[in-house]
Amino acid sequence: MELRGKRAIVIGERDGVSGAAIEACLKSAGAEVLYVTTQCFV
Amino acid sequence: MTARYPVVTAVANVLAHAPGLVRYGSRPRRDLARDPRLADRLAAHLRSYEAAVAYPPNQAFIGNLDPDALRDLPRPWFRAPLPAAPPDGPFGVIVSESELLDLLHEVDRARLVHLVGRTPVREVEALLDRGRALPLWRGGDLAGCVVAGHDEDEALGADILLENLACKATAVLALRGLFRQLHGRLRPTDVPFIISGSEEAVGDRYQRGGGNLAKAVGEAAGLGAATGMDVKAFCASTLYALVTAAVYVHSGLFHRVAVVAGGSLAKLGMKYRAHVEQGLPILEDVLAGIAILVEAANGVDPRVRLDTVSGHRIDGGSSQQAIVAALAFEPLTKAGYRLGDIDKFATELHNPDVTEPAGSGDVPTTNYRLIAGLGVRRGDLTGDGAGAFVRRHGIPGFAPTQGHIASAVCYLAHACQAMRLGKMRRAVFMAKGSLFLGRMTQLSDGLGLLIEAPTGP
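For the record, the sequence lines run as chains G and D. Residues 1 to 42 in this note's numbering are what the first sequence spells out, letter by letter. Residues 1 to 457 in this note's numbering are what the second sequence spells out, letter by letter.
To be clear, the hints were calculated from the coordinates, so they are not data collected in a lab. Computed from a predicted model, the values in this text were never measured in an experiment. Virtual Cβ for every residue (Gly too), placed ideally from N, Cα, C. Heads up, some of the hints might be wrong.
As the list claims (entries may be wrong) - To list a few chain D residues with every Cβ distance to chain G over 12 Å, as calculated: (1) 137; (2) 211; (3) 271; (4) 360; (5) 399; (6) 437.
To be verified - Ranges of calculated distance between the beta carbons of each label pair, as one might list FRET restraints: (7) G:39 / D:74: 44 to 54 Å; (8) D:208 / G:35: 24 to 34 Å; (9) D:225 / G:28: 55 to 65 Å; (10) D:36 / G:37: 26 to 36 Å; (11) G:6 / D:152: 42 to 52 Å; (12) D:306 / G:2: 34 to 44 Å; (13) D:306 / G:7: 42 to 52 Å; (14) D:383 / G:6: 33 to 43 Å.
To be verified - Some but not every residue of chain D turned toward chain G, in silico, with C-beta under 7 Å: (15) 181; (16) 183; (17) 319; (18) 350.
Excised from the complex, chain G in its bound form (with noise of 0.2 Å):
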């Protein structure tokens, strides 16, 4: 997927991959990065 000029909401989870290890990977990849969280399930 080209994710170059896409803008991206990143949820992440705390268990799982957290949303800024998601934000980092869709910068790198020239997406842009418009909000970001870290959920908690338990």
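Please arrange chain D on chain G, whose structure you already have, making use of the hints.
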């Protein structure tokens, strides 16, 4: 010279069956406010006390079943009740809702809990009619009410007070159970310091979360000679409290410290939607409590290896890999151990019967796979050994989703028992705290350390 680290001399694990309070868990309460008709559906999925007692994970919690034995039982575990399972075990009791309500009334020093039977039912109904009171239920019947502590103070609303009293009551239940385990060796007045590491926020409008529930718990359990304080760190609170207690004892400031953690009312019924939709019983119907006694080195009890305490640095990154490396592996590195030297890793031990129907997966197994994966990268394990690692060094999730209690410390009683019996040498305890939930930071948090078998006098 090997430092003589403080030891854990007793641990109590208790549960209080609270089906009538499930409606006051955060998720059910929000849903019921939107659609009061949900009450009947919710009530239809609540379990009896007998079912809660016979539930294998609850039996593991109070020490009648080794958590590892859960692997041999068919899933979901609520379909494999243990016949004739008793409500008490070596670590503590499972009390009924009636006993919990009596305890709520007993520990309420502000006289805000009114129970039918002690207060005429007409007076209870009148208090409810005036508003700012919450009804308490037993079965489908009105059992009493909790009244707000102030007319205008939201921090002293009936809902907040019930949450705080539920936490206090279950912490008191655990602390009293702790002393019963000591068989008269110590009196409550022999404990000079108490720390609470729970999830409540006691306070008023000028200081929400002002705290020191510890001393309120100590007062109710007869610790007249103690002073104390609370430790707050989301779900890692109780493990931080244990480390703080050990540091106080190691320093000589206090020769003995009790740690308590009461249950979380807000987390009752957290995943109830999935359970109801799938025709399952609502399993998040118990409040949990833990009490831990930390004393000076004695050569007999398991040691709190303070030299292995590892935190999650502010600049440590929030990836799961970074967190697990800090909490699970740094204690090993500090002690000079490899992965295989550790008998058990106690991590987030949430019961998968609760989390899987809601799509949250098997949390402990996810954590163990990550630990195994990092172990392979460190060269401690081969790729082939990762699966066996999860089974041998992991623990099936057996704790109710009571945050801080499920976060490793629920296994402390089991580990200490196994170490005293010579069946276990060492265990890593790691707890995570979701600081980002409070909106003050995006940080994660956590703590890890090693508990090790005694080396002899």
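The hints, checked one at a time:
1. 137: holds (26 Å)
2. 211: holds (22 Å)
3. 271: Residue 271 (chain D) not clear of chain G: closest Cβ-Cβ about 9 Å, inside 12 Å.
4. 360: violated (4 Å)
5. 399: The assertion about residue 399 (chain D) is violated, with a minimum of 10 Å to chain G.
6. 437: Violated, since 6 Å does not exceed 12 Å.
7. G:39 / D:74: 44 to 54 Å: violated (31 Å)
8. D:208 / G:35: 24 to 34 Å: holds (28 Å)
9. D:225 / G:28: 55 to 65 Å: holds (58 Å)
10. D:36 / G:37: 26 to 36 Å: Given a distance of about 30 Å, which is inside 26 to 36 Å, the answer is holds.
11. G:6 / D:152: 42 to 52 Å: Hint holds: Cβ distance 49 Å, inside 42 to 52 Å.
12. D:306 / G:2: 34 to 44 Å: violated (52 Å)
13. D:306 / G:7: 42 to 52 Å: Holds: the Cβ-Cβ distance is about 48 Å, inside 42 to 52 Å.
14. D:383 / G:6: 33 to 43 Å: Because 35 Å falls inside the window, the suggested range holds.
15. 181: Check failed: Cβ of residue 181 (chain D) comes no nearer than 29 Å to chain G, outside 7 Å.
16. 183: violated (36 Å)
17. 319: This interface hint holds because 4 Å falls under the 7 Å limit.
18. 350: For residue 350 (chain D), the interface hint holds, since the closest Cβ of chain G sits about 5 Å away, which is under 7 Å.
Hint compliance for this structure: hints 3, 4, 5, 6, 7, 12, 15, 16 are not met, and every other hint is.
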